[in-house]
Amino acid sequence: MVEDNAILYTIEGIAAGILLITTAYLIISTTTIYTPGDTHISDMQMEQLGYDVLAVMDTPRLDGENSPLETYIETNNETGFRVEFLNLVKSNSQNWPENIKFKAVVYYRNQSSAIKIGNYTFSHYGNTTGSEHLVMVTRRVLITNMTTIYSLDLGPENRNQSVLLEVLMWRD
Amino acid sequence: MARLMNEDGQWIVLMGFIISIMIFFLAIIVNQSVLVGQTTAESVLDFPKSDIQDLRSEVFSSRLLPGDITGITEDIKTLSLRRKSAVVDISNTSGTLTINYNNGVTSYHETIQL
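For the record, the sequence lines run as chains V and F.
Quick note: to get our numbering, add 2 to the position in the first sequence (first position is 1).
Quick note: to get our numbering, add 142 to the position in the second sequence (first position is 1).
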């Protein structure tokens, strides 16, 4: 005859087993979610850094002056922009080597063209291989003197205008 | 069950159950807390803070320029639509400046009495 003495222990064992497996599943699934969140956070930090650097560059040093960023675009000073941008992006209190590369493109509106907008490459540092985490930051720049750009025939019309500077940044 | 030889261990078994159920609920709480962080980070990413600050700064500084600024307003609208996928409207009528911004996720409206 089969004895039922141990039936309580069997039920207990099954219940404990289910509890253990469910708890282990919950804990393991918790840690796996962290990974996609982490990449977002470092991208977000670089995006904020880029926006801040462009905002600093687009602030006049003295009342009544043009901002350095406006002057760089107006005179098509590719080197000046690159040096100041990299300098500000890499400034940290510890002098850690930061390896940030970028490509800056100016977008403008064309009144007479049917395509309406155009662009030209303003400045760049480094080339992408396609595997980097690219971050796009932008800044609208008010240009009050288009003569140089117009005479260089880069595309924009000769009038006061608001252009959009798009900077693609990545860590190498 | 009366035939069990010794029932002294019942309390220990019960305590074991209570503790394991507590651990189970704590695990659920830890699991949920990560979702909260994820949702917060995503909503921060979605919010176009820098875009709105940039738009306002451009609208205000363009107002200080002498002469007609219709062209500049049109530049801002076109570039927002084509490059930033945001619908922007700026109007200045009878001493009231309004800025409307909508990128499909966030809409921002501002009215300033000049």
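Hints are not guaranteed to be accurate.
Claimed, not checked - Covered stretches of chain F (chain V as the covering partner; in silico rule of three or more C-beta atoms under 8 Å from a C-beta of chain V):
| id | segment |
| --- | --- |
| 1 | 183–197 |
| 2 | 232–245 |
Said to hold, decoys possible - Derived, one-sided and incomplete: chain V residues facing chain F with beta-carbon distance under 8 Å:
| id | residue |
| --- | --- |
| 3 | I16 |
| 4 | A18 |
| 5 | L28 |
| 6 | I119 |
Worth flagging that the hints you see were computed from the coordinates, not collected in a lab.
No experiment lies behind these values; they were computed from the predicted model shown.
Yeah, the Cβ is synthetic: ideal placement off N, Cα and C, and Gly gets one too.
These are the hints, each one checked on the structure:
1. Counting residues of the segment 183–197 of chain F whose CB falls under 8 Å from any CB of chain V gives 9; the rule of at least 3 is met.
2. Closer than 8 Å: that is the beta-carbon criterion, and the segment 232–245 of chain F has 0 residues meeting it against chain V, so the requirement of 3 is violated.
3. Given the 8 Å rule on beta carbons, the hint for V/I16 is violated: about 13 Å separates it from the nearest Cβ of chain F.
4. At a threshold of 8 Å, the smallest CB-CB gap from V/A18 to chain F is about 7 Å, leaving the interface hint in force.
5. About 4 Å separates the beta-carbon of V/L28 from the nearest beta-carbon of chain F, less than 8 Å, and the hint is met.
6. Against a cut-off of 8 Å between C-beta atoms, the interface hint on V/I119 holds, since the closest Cβ of chain F lies about 5 Å away.
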